[in-house]
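Student: Throw the hints in and build the complete structure from the sequences for me.
Just add 335 to wherever you are in the sequence shown, counting from 1, and you've got this note's numbering.
The set of hints was computed from the structure by calculation and includes no laboratory data.
Mixed in with the good hints there might be a few duds.
Below, in silico cross-link-like pairs of lysine-lysine (DSS-like), each with a Cα-Cα straight-line distance of 30 Å or less [what the hints assert, rightly or not]:
| id | residue 1 | residue 2 |
| --- | --- | --- |
| 1 | LYS355 | LYS375 |
| 2 | LYS413 | LYS373 |
| 3 | LYS424 | LYS413 |
| 4 | LYS355 | LYS413 |
| 5 | LYS375 | LYS413 |
| 6 | LYS388 | LYS375 |
| 7 | LYS372 | LYS355 |
| 8 | LYS415 | LYS372 |
| 9 | LYS355 | LYS415 |
| 10 | LYS352 | LYS424 |
| 11 | LYS352 | LYS388 |
| 12 | LYS375 | LYS415 |
| 13 | LYS372 | LYS424 |
| 14 | LYS413 | LYS388 |
| 15 | LYS355 | LYS388 |
| 16 | LYS373 | LYS352 |
| 17 | LYS352 | LYS372 |
| 18 | LYS355 | LYS424 |
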Amino acid sequence: MLSSNESQLKIILGDTKEEKIQFLTNIINNQAANQDKKNKSLQLRVGINYELKRWQDVINDINTLQQTINTAELQVMKSKATIQECCRKERISIMDMVHNGEHTDEIELHFFNISQRSVDDFIEGQSVTKGRGSTATTNKRQKKFT
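Tutor: See the structure below:
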């Protein structure tokens with residue numbers, strides 16, 4: 336088994352994110368690894384899966400982590416991943432509908448409203464458009480001046 340410093344170096348210098356995930360998964364599944372090392376590996380894997388937009392993996396890992404670690408940062412990441420996963424499933428349903436011949440302007444508009452980019456913008460508080468041809472508005476709370 337690698338020392339803690341060797342493990343961190345391998346994670347940082349790993350060739351691909353897939354290799355990093357596999358390395359972290361091996362630590363998580365290793366019966367000899369202590370719980371602290373498994374939790375740190377889970378936290379790192381959550382971050383990598385989030386970058387890869389593997390929403391269900393993010394949700395599953397955070398659910399496991401929340402049994403021992405419950406931070407606001409994890410809760411926010413879980414919330415964002417849950418929104419993304421729901422919209423991903425809805426996009427798949429819409430694509431199936433279109434493939435089966437149920438194509439309308441309303442379905443098309445809904446598909447674009449829940450596109451990956453639109454959902455990313457919504458989650459990050461960026462500008463969100465309201466239908467075709469409208470001007471972008473901000474999703475952030477406006478400050479009141481008196």
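Student: Which of the numbered hints are not met once you compare them with the structure shown?
Tutor: Violated hint: only 13; rest satisfied.
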